[in-house]
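Residue numbers (our numbering), protein chains in the order written: chain A, 1 to 342; chain B, 1001 to 1342; chain P, 2001 to 2342; chain G, 3001 to 3342.
Take these hints with a grain of salt, some might be off.
Cross-link-like lysine-lysine pairs, in silico, DSS-like; alpha carbons within 25 Å at most [as the list claims (entries may be wrong)]:
{"#": "1", "chain 1": "A", "residue 1": "Lys248", "chain 2": "G", "residue 2": "Lys3248"}
{"#": "2", "chain 1": "A", "residue 1": "Lys111", "chain 2": "A", "residue 2": "Lys186"}
{"#": "3", "chain 1": "B", "residue 1": "Lys1248", "chain 2": "P", "residue 2": "Lys2248"}
{"#": "4", "chain 1": "G", "residue 1": "Lys3003", "chain 2": "G", "residue 2": "Lys3139"}
{"#": "5", "chain 1": "G", "residue 1": "Lys3265", "chain 2": "G", "residue 2": "Lys3139"}
{"#": "6", "chain 1": "B", "residue 1": "Lys1003", "chain 2": "B", "residue 2": "Lys1139"}
{"#": "7", "chain 1": "P", "residue 1": "Lys2003", "chain 2": "P", "residue 2": "Lys2137"}
{"#": "8", "chain 1": "B", "residue 1": "Lys1186", "chain 2": "G", "residue 2": "Lys3186"}
{"#": "9", "chain 1": "B", "residue 1": "Lys1139", "chain 2": "B", "residue 2": "Lys1265"}
{"#": "10", "chain 1": "P", "residue 1": "Lys2186", "chain 2": "A", "residue 2": "Lys186"}
{"#": "11", "chain 1": "G", "residue 1": "Lys3186", "chain 2": "G", "residue 2": "Lys3111"}
{"#": "12", "chain 1": "P", "residue 1": "Lys2111", "chain 2": "P", "residue 2": "Lys2186"}
Among chain A residues calculated to face chain P with C-beta under 8 Å, some are [to be verified]:
{"#": "13", "residue": "Val180"}
{"#": "14", "residue": "Ser181"}
{"#": "15", "residue": "Arg185"}
{"#": "16", "residue": "Ala187"}
{"#": "17", "residue": "Glu188"}
{"#": "18", "residue": "Ile189"}
{"#": "19", "residue": "Ala191"}
{"#": "20", "residue": "Leu192"}
{"#": "21", "residue": "Phe193"}
{"#": "22", "residue": "Ala194"}
{"#": "23", "residue": "Ala196"}
{"#": "24", "residue": "Gly197"}
{"#": "25", "residue": "Asp198"}
{"#": "26", "residue": "Pro236"}
{"#": "27", "residue": "Ile238"}
Think of the hints as simulated: they come from the structure by calculation, not from any bench. Given the structure is predicted, the values throughout are model-derived calculations rather than measurements. The C-beta atom is built at its ideal place from N, Cα and C for all residues, glycine as well.
4 protein chains.
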Amino acid sequence: MIKVGIVGGTGYTGVELLRLLALHPQVSLRVITSRADAGMAVSQMFPSLRGFVDLLFVHPDEAHLEQCDLVFFATPNGIAMQQTRALLDAGVKVIDLAADFRIQDISTWEKWYGMTHACPDLVAEAVYGLPEINREKIKSARLIANPGCYPTAVQLGFIPLLEAAAIDVSSLIADAKSGVSGAGRKAEIPALFAEAGDNFKAYGVAGHRHLPEIRQGLACVHGHDVGLTFVPHLTPLIRGIHATLYGKLTRDVDLQALFEQRYSKEPFVDVLPAGSHPETRSVRGSNRCRIAVHRPQGGDTVVVLSVIDNLVKGAAGQAVQNMNIMFDLPENTALNIVPLLP
Amino acid sequence: MIKVGIVGGTGYTGVELLRLLALHPQVSLRVITSRADAGMAVSQMFPSLRGFVDLLFVHPDEAHLEQCDLVFFATPNGIAMQQTRALLDAGVKVIDLAADFRIQDISTWEKWYGMTHACPDLVAEAVYGLPEINREKIKSARLIANPGCYPTAVQLGFIPLLEAAAIDVSSLIADAKSGVSGAGRKAEIPALFAEAGDNFKAYGVAGHRHLPEIRQGLACVHGHDVGLTFVPHLTPLIRGIHATLYGKLTRDVDLQALFEQRYSKEPFVDVLPAGSHPETRSVRGSNRCRIAVHRPQGGDTVVVLSVIDNLVKGAAGQAVQNMNIMFDLPENTALNIVPLLP
Amino acid sequence: MIKVGIVGGTGYTGVELLRLLALHPQVSLRVITSRADAGMAVSQMFPSLRGFVDLLFVHPDEAHLEQCDLVFFATPNGIAMQQTRALLDAGVKVIDLAADFRIQDISTWEKWYGMTHACPDLVAEAVYGLPEINREKIKSARLIANPGCYPTAVQLGFIPLLEAAAIDVSSLIADAKSGVSGAGRKAEIPALFAEAGDNFKAYGVAGHRHLPEIRQGLACVHGHDVGLTFVPHLTPLIRGIHATLYGKLTRDVDLQALFEQRYSKEPFVDVLPAGSHPETRSVRGSNRCRIAVHRPQGGDTVVVLSVIDNLVKGAAGQAVQNMNIMFDLPENTALNIVPLLP
Amino acid sequence: MIKVGIVGGTGYTGVELLRLLALHPQVSLRVITSRADAGMAVSQMFPSLRGFVDLLFVHPDEAHLEQCDLVFFATPNGIAMQQTRALLDAGVKVIDLAADFRIQDISTWEKWYGMTHACPDLVAEAVYGLPEINREKIKSARLIANPGCYPTAVQLGFIPLLEAAAIDVSSLIADAKSGVSGAGRKAEIPALFAEAGDNFKAYGVAGHRHLPEIRQGLACVHGHDVGLTFVPHLTPLIRGIHATLYGKLTRDVDLQALFEQRYSKEPFVDVLPAGSHPETRSVRGSNRCRIAVHRPQGGDTVVVLSVIDNLVKGAAGQAVQNMNIMFDLPENTALNIVPLLP
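The task is simple: from the sequences and hints, build the whole structure.
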């Protein structure tokens, strides 16, 4: 059994980790921390977990995380980097669901996140936890930077085109739409039901923190920098991301075959038949990414539609997938979930 | 392995059966029928099932249901009663998710459902599949009348009070609210997003088909007829029923203890701590009923709050629970699901 | 022109007052205060008002409210009572949309609101602003206690039955459902889209602040205390309240005629034809209350369905209606609005 | 008073016309037709209109539309073209809210709409009713082709850039999101609450009927054909369209000034301050289009955000605006509406 700790269990990625791990046959949940709610039963805050999780929230100072085999950080940005070195030194593996270890260029990270980084050397060691790209490195990693939600949906949609050198990388466009749970379980007015409900808007057009992360990932695949315009939108869903991706084809290619072959062995990427339009609900609650690729009117613009559940493949599910890989378990352990539809 | 057939797999209870049965370790899904969509892959209609269900819809005439061990009817009212006798005669067990076998009084059924019943003798044999009341009978049943969604939520809330003879049965009130999936996957204007969204209304105040079913169930428990006012409402949820039940106490009783004791051994009924307010999302996608009992301001009115997922404990999940009981499997097989929250 | 000031213009009742008053032909909007957002353009916070409201938020200390003819308080409870005396002394009329002046019994108010009241004598003077009951008193009032949202919907539904002495007043039941805007524009987790969306729950069953307000109103009509169980629920609407009211008939009465006659001259109460089920969206954005009355199966239980828009007839619209009455304007001035459907 | 008839009053554009015209001081509503619901009171189908519209639906054969001054067609495609000539010959003006007269190239229209056109000569006469482009022609028109919802939002966003010849017209991208009311009040499964709720998807990527309409409009402004990729999406809103438009700048230009100047005199186009993100709810129920223009990271990609209410500026409101222009009334008559927020 893998002894698991979770730091910061009161947000949406925390409760989603609990949903998935509660039924994981190889996981023993040892500790869940919360500074503000220490002493409260987890299932009091999240009644959905009644009968599945019996733990109380524990204050970070009393968590004894060093006794775990693996610690997930489901915390705001800037927390994991304070505690990771001590855990690694104690032989504990770490998966950070926040952004502390995602950006290799420290000055870029510090600019976008507005903090001084506490451990640049660990950033260099961290493996970016997108299994479809880094599965081998993940197997032996001590420290995983779990990808962001938008970056997961966008990268999985662009990767086959970049690997095949089939599109002009100077002007990629990612028009992405997210459900409101992506904003986290934080008391902020724009995320209120009466604000976000029956409403649609773009945000962060001037620049969103996931932009440098996506650019880094795409540059890695392509070999050089890419030009990307990224426009996120807030849509009145609870869960779900839909990325609509646009690129200009530079050569003729069988797009459907290209995508199907690229992901033929991936357990969590499903390429839909030609002409399909994936719905966010078709992955609700599951770790799948579903993708369709189009070439409207046979022109030179390729349109990729990519959907994930932002809390699963975009956060907690991918983290569990990474854990399974790190501990040499079947990759879909505890992730063999039929999406909830309707 | 139990060889299972589903008649009428294109509605919401059908796809929900598929979601649950796809991962059931003792079930072999043999056939799913659809008159209108025969030949189409099930996963084409419901992409959420891609990777889990490989069957095509089969025309009823070519279904060979008699080769199954168990057939679920997820059909409109009036279909199951036409086919059940032949299946029973062939040794196949039947669970009807519609209303054909729910009402023991045939003339009452015919009045509310507007049809002549095809097999009154089988109604007499049928067991009403509410395990919390009829578990023993279900074990040996050939034919199960799976309860309606409202009746499940309402009966589970009233049963402890009736069994304890603690309330005036002459004027019970059940104010119930249902998500829109309760109306089924039918193309009807009132169920459109632009009609049912951001809107709340009562319906069927003069009389709803679930009224006689609830009355029958409560009378069974009480021993005599009960007086019940039942007002259903449509609320802009996809899944979920919330029943708010009112009764007048006739004697002093420890309500919390009464409910906790009544359901202490039930795997799918969860009595919340005193003072709680169950949320529909706390059971989303799961087979649980969560209940809280209140006595506002210490007066003589008892208020019971009861929530279920109408498609699970209110339909497909309860059907699988009944199947597990009939085939002597652990009752929560394939039903050990953490609710999806948020 | 009526010179109008608004104290606390950043909440939902504030912006709703602005929506209605911006087109009121007899109103000159002079000042809107906000402590936190002084200096910001109102239309920056609420872009829906661009082109209609040019004011900036003003700090309360610089508002010169005494120069207004009328001041609306769209503030949290406990603010209006601090400032009302000075305004009245300066000859300014006051309409409080919060609860400071609603409860005549000071100790009851202090118990439910957890504060010491600053001006009990003004409570005695204040007129409860439900025009359907108090129109004459409102005409000459200096100070209006604008009713709460639930109390408006519930009282309008019960009044005809109480006036006709047709029901047993010892055990009235009000099962009420509110949209999330009723919680106000406050950053609180339970009102987040990802919490309140696709979810339904009761709250405050043990006791809600609107309970004493409703009881007081019903007792006023009846002449003596009434017994009332009030259960509020949160439903995933933005706007709208649906009250489902239950009472036991004590004598035979033509319910439809009773309701139609009671409200035949009321401009904002619409009694629907027999057998109707009012929808919340049928009053969205308007000052109407729509009511239907049922007697299921001809029994002795009467069921009243009453819907309002909680921000209009339940708050800002009723406040404007009161203003129109106080200033001897046609009662529907600026309130002649067709509900927004769909 | 303008004598007005409406053909096809039972859909969402029909009821929206009624909402707007009911309070129009210069309009006398004479007749509303419905083949299926003749004889029913309009306010029975749409209770929101109780107290505002007293008409019954009339069978088309008994409508005497030739006695009107103006007839609106709020019908499915292919109806208006059958009846328009007779009305024009009788001296009646016509505004078609469907697509019958929108596409000047008849073979293009016939290809996309799958019908033979009944009156190509009238297409040649019809004026495309986008006042921001065609105000002068509208003044003297007998026949208006009221623009589609997507085309309105997309054209208003691109027009300033095309007129200024500031972008590469060979590869424009319009990523558009619509609320579900855009699908009409039709009983179809994909528009059910339980299908479209809590779900997001693209549709019609291979080709949508609004594509040729948008291309025609943009080509008109530009002078030659343009290259456009148009991807519509369905989002769980009732009302609202958000178009996110992408183009490559070909020269340096002050984008903010360009947009502000272009629309400075337009009563219904509001250019937001630099850096803004318009929300669909900021125009809910109103005839406004709100636009923001961005140049992310100072690169050569321009991003325009354009929002309308699809039923108002995208349909019925624009039709009333056209009527006001045709009858020489102040353009905002009956359209001076504050959007409903929240």
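Hints, verified against the model:
1. Lys248(A) x Lys3248(G): Within the cut-off at roughly 13 Å; holds.
2. Lys111(A) x Lys186(A): holds, 23 Å
3. Lys1248(B) x Lys2248(P): holds, 13 Å
4. Lys3003(G) x Lys3139(G): holds, 18 Å
5. Lys3265(G) x Lys3139(G): With a Cα-Cα distance of about 17 Å, the restraint between Lys3265(G) and Lys3139(G) holds, given a limit of 25 Å.
6. Lys1003(B) x Lys1139(B): The given pair, whose Cα atoms are some 18 Å apart, holds under the 25 Å limit.
7. Lys2003(P) x Lys2137(P): holds, 22 Å
8. Lys1186(B) x Lys3186(G): holds, 12 Å
9. Lys1139(B) x Lys1265(B): With Cα atoms ~17 Å apart, Lys1139(B) and Lys1265(B) stay inside 25 Å; holds.
10. Lys2186(P) x Lys186(A): It holds: about 12 Å lies between the C-alpha atoms, which stays within 25 Å.
11. Lys3186(G) x Lys3111(G): holds, 23 Å
12. Lys2111(P) x Lys2186(P): holds, 23 Å
13. Val180: Cβ of Val180(A) sits 4 Å from chain P, so the hint holds.
14. Ser181: Where the cut-off is 8 Å and the nearest Cβ of chain P is about 4 Å from Ser181(A), the hint holds.
15. Arg185: holds, 6 Å
16. Ala187: Ala187(A) check passes; min Cβ-Cβ to chain P is 4 Å, inside 8 Å.
17. Glu188: Holds, because the Cβ-Cβ distance from Glu188(A) to chain P comes to roughly 5 Å (cut-off 8 Å).
18. Ile189: holds, 5 Å
19. Ala191: With a closest approach of 5 Å, the Ala191(A) hint holds.
20. Leu192: holds, 5 Å
21. Phe193: Since chain P brings a Cβ to about 4 Å from Phe193(A), closer than 8 Å, the hint holds.
22. Ala194: At 4 Å from the nearest chain P Cβ, Ala194(A) passes the 8 Å test, so the hint holds.
23. Ala196: Since the shortest Cβ distance to chain P is 4 Å, the answer is holds.
24. Gly197: holds, 5 Å
25. Asp198: This interface hint holds because 6 Å falls under the 8 Å limit.
26. Pro236: holds, 7 Å
27. Ile238: Check passed: Cβ of Ile238(A) comes within 5 Å of chain P, closer than 8 Å.
Consistency note: the structure conflicts with none of the earlier hints.
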